[in-house]
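Enquirer: Residue numbers (numbering that gives the first Met the number 0), protein chains in the order written: chain A, 0 to 299; chain B, 0 to 310.
No lab work stands behind these hints: they were computed from the structure. Among these hints, one or two may not hold up.
[What the hints assert, rightly or not] Covered, in the sense of this in silico footprint (three residues per stretch, anywhere, with C-beta under 8 angstroms from a C-beta of chain B), are these stretches of chain A:
(1) 50 to 58
(2) 98 to 112
(3) 202 to 213
(4) 268 to 278
[Unchecked claim] Simulated coverage check for chain B against chain A, where a stretch passes if three residues somewhere in it have a Cβ under 8 angstroms from a Cβ of chain A:
(5) 90 to 104
(6) 109 to 116
(7) 172 to 184
(8) 206 to 220
(9) 242 to 248
Don't be surprised by glycine CBs; every beta carbon is placed ideally from N, CA and C.
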Amino acid sequence: MIDNGLLVQMLIGALLGVSVYLPLAAGQLSLATPAFYAVGGTLAALLSTTWPALGAGADGSFPLASFLLELLLGGLLAGALALLVGRLVLRLQGIYLAIATIALVEIVRVAILNLPFTGGAIGIFGIPQPFPTAAGYLLPALGLLALAGWVCQRLEVMPLGRAMAAIRNDELAARCMGIDTTRVKLTAFVLSAVLAGSTGALAAHFLNTWNARQGSFDTAVTMLAFVILGGSRSWLGPVLGGLLLTALPELLRPVGDVRLVLFGLVILLGPSVFPQGLITPGLLERLGRLGERAEREPQT
Amino acid sequence: MIETLLQTLLNGAASGGVYALVALGYTLVFSVLGVINFALGALFSLGGYLTYLLMGGAISANGGLPGWGLPFGLPFPLALLLAAALTGLASLGVERLAFTPLRRRNAEPLLVLITSLGAGLVLVNLLQMLMGAEGYAFPATALAGLPDAVVLGGARIRSVQVLLLAVCAAAVIALTLWLERSRSGRALKAVAEDATTARLLGINSDAMLRLAFLLSGALAGLGGGLIGVSISLPGPYVGIGYGLKGLAVLVLGGLGSVPGAIAGGLLMGLAEALVPGEASGWRDALAFAILFAVLLLRPTGLLGRRLVEKV
């Protein structure tokens, strides 16, 4: 039931979940991830189909090095955009920030739909493939996720990550402690955008076609659901949420049209059942203690 | 020249009226609960489909139910009002499923955002499952008896646009009068101001909350029916776009402000109507560009109150 294609989709979901999680870890509810995802994907789709220097073959093949370069460029462009936009929107708080980022997503969507070179409603298709099968995408997707996880894990002990947690708990108190809250929030926002941009570049090749629908309000909702249902207190939460919720509609395919209703029900009722998400701080603590015990007790 | 401008402005005001209805729907719930009901766009769709069904419109549900329809057809005004009332009831259901469980356990407001979005997702996909993904145009007899267009000061306006404007204006005036003059309207405002004090004064704040949801859903349903008859129902997702525009209007006018929602709606409709035809593809971005500018220049909206940060 779960084939390689679905596995790659699930990993993309997990990556996007982490991208929504990063600003949230600094207490900022940003729904901008689909905008950055769309920007990264559009860049990769445009470059690989129009720039011959990247070496797209007539048979639809694509050199691995160019693919990796696009992941980098997609991330950089999204990050630069985030740096620009972040300075403006991060002055807003709570629901205002959420609405401003929804506005950003819609502006990017309409722009991609209407710009003369992005293929309009049909989009860009025939994006060349660096790998012959879907299985090939597993490795770069896993690599990106491992990198994102490593960064998040490092953040827990780095001053930046501690500052993010402090802002999340109490922004005013954090500022009084001398934390440059604007800079910390902006850094989290840019990190989130870089991850989303690279993921978009990967997804554009994987999906083979790219259009404005890839980054819409709907996707923003789904990505936020990854974080909320997975658990927003650790990066493992959005990873689990992204994997599960991306797989769910596909696994429900046999039940037919009801599947999206069921998916909606999960999002509707999930937070009442698991208000802290699936991965809670308590669960992590228990896992941590188990780990310690395993270290202390010699293997028999 | 003047005629064209007048025509454009009236068309803009008509769609602005619908934006105002949606924004008022958000405002009612926001002023009482301090959260945004993201299911409102889906309720808008529901209102449109219910109006269509109650008028005896046939559905095909992706070919599953070819030509099925209610055995009776109500005249448009009746169908519109009944559909709005039913949408209000559906909105109560949203409150019960998406808001009450979390409110009872004092959960983070962020969770309500997700659950209300989930409720909207369920509604839209139920509509898609039951009614199909195809679009429906209202029967031509919907507005039988009305002339095709009226001439106002030399400008030809589709009479359905005039109807739209009139119904929106009537709904907005009725709501404002109710809030200002009636006992229950004032009670709602009292709960919005301070729920604890309102409870001490003997106001049943839970009942007021349900009333806010009922009215909010009814306003969205009214908007859906009006858009259905004036344009068409392109699919179950029709309300999502209006829901998002309503959100932009809400911020434009100031969260929780009734006059702000009305003024913001009109302003947004007029601004969109003034976008020249060649750039019509960009029209949908205009609302959000305005929203962006307003958020940056005046985060409390045009007519909003400054929120004091509590330490």
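Enquirer: Could you run down the list of hints and mark each one as holding or not?
Expert: Now the hints, each set against the structure:
1. 50 to 58: violated (count 0)
2. 98 to 112: holds (count 10)
3. 202 to 213: It is violated, with 0 qualifying residues against the three required.
4. 268 to 278: Check passed, 5 qualifying residues.
5. 90 to 104: With 5 residues in contact (Cβ-Cβ under 8 angstroms with chain A), the coverage given for the region 90 to 104 of chain B holds.
6. 109 to 116: Holds: 6 residues of the region 109 to 116 of chain B have a Cβ under 8 angstroms from chain A.
7. 172 to 184: Check failed, 0 qualifying residues.
8. 206 to 220: Since three or more residues must qualify, the claim that chain A covers the region 206 to 220 of chain B is violated, with 0 doing so at under 8 angstroms.
9. 242 to 248: holds (count 3)
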